[in-house]
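Please take these sequences and the hints and turn them into a complete structure.
Read top to bottom, the protein sequences are chains A and B.
Residues in the first sequence are numbered from 517 upward in steps of one, following the working numbering.
Residues in the second sequence are numbered from 2 upward in steps of one, following the working numbering.
Think of the hints as simulated: they come from the structure by calculation, not from any bench.
Lysine to aspartate or glutamate pairs mimicking EDC-like chemistry, simulated, CA-CA at most 20 Å apart:
#1 A:K556 / A:E525
#2 A:K657 / A:E595
#3 B:K71 / A:D522
#4 B:K97 / A:E663
#5 B:K24 / A:D611
#6 B:K94 / A:E664
#7 A:K667 / B:E93
#8 B:K84 / A:E663
#9 A:K562 / B:D25
#10 B:K97 / A:E664
#11 B:K148 / A:E595
#12 A:K531 / A:E567
#13 B:K71 / A:E520
#14 B:K151 / A:D611
#15 B:K24 / A:E541
#16 A:K565 / B:D25
#17 B:K39 / A:E541
#18 B:K53 / A:E541
#19 B:K133 / A:D623
Quick caveat: nothing in here was measured; it's all calculated off a predicted structure.
As a plain string of letters, each chain reads:
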Amino acid sequence: MVDEIDELEKEIIIKLQGSIPLTGEPYRIIARELGITEDKLLSVIKEMKQEGKLRRISGILYHREAGFKHNGMVVWEIEPSKRDRAGRIMAGYEDISHVFARPTYEDWPFNLFSLIHGQSEKEVEETAAEITEQVDVLSYKILYSQEELKKSSMRYFCDFKNT
Amino acid sequence: MDKNEEYGELSKLDRQLLNIIQKDLPLVSRPFQKIADKIGISEQEVIERLQKLRKENYIRRVGGIFSPQKLGYVSTLLAAEVKTDEFYHTAEKINKYRGVTHNYRRNHRFNLWFTLIAKNKEKLQDQISEIKSFDEIQVLREFPVTKRYKLQVDLDMNKNEG
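In structure tokens, the structure reads:
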């Protein structure tokens, strides 16, 4: 369920969804901009984290430039009763960042999606092949990203304040 | 130049920093001091290296990652079949939506895959209908998550060594 997001939380979210200052005391600077104390800011951030609104504060990389050139979206057709087990096994792989179940269509039998990262297409294929040895797979397809057309972080509550 | 080679030129320390910075940043007054203590360099050096990695486009940003759902937002993955000769024009039109955060060309009949986040279900459906009506789009499919097994955004930088 969705908890209420109060005004202060919205202001903090707007600040944190950009980059925090890379200086000794980044939270003090943000707190000053918001007109609150650093302690108050840190306690609200911790609360939002506990409630799951904030997943975390961390660095977000440009993956391609950092060496992970290839990502294959691997779509799997798996018998519905075996899907959970397959999802859990895939989740255990270090090179797999996302594992989601998604709906099927008449011309689209693939009910499980995973994002496999590698430094070459071969690496992605090897990981996928390895999975087929552990999971009953009816069929699968690797959809490579041929081009990144957009990658950005969502800006929440943009219409909240005009400043 | 091959990005892998470029990446290979990063020092071991920079790679270590890239790994650490992708984890939870400590919620304390001097978070970079904590990182500095962990790897045995000064706070100033941590900050300078991070600034450099950011300037050189290894780090996109250091900031908050939120759960759209917990903030009341809704999202879905969408796949489109776009006519080849209209492809980039269409991609550009779709990218104009602020809620489109990721968009990739992929090797499939559905050649355009993107994520869309919106404030609520109605807004999401409105935008989907709008995109569906683009002449260049032959088919638009919705692939919302029905169950989540893993969502992890950090990757191990040390795998690149050697």
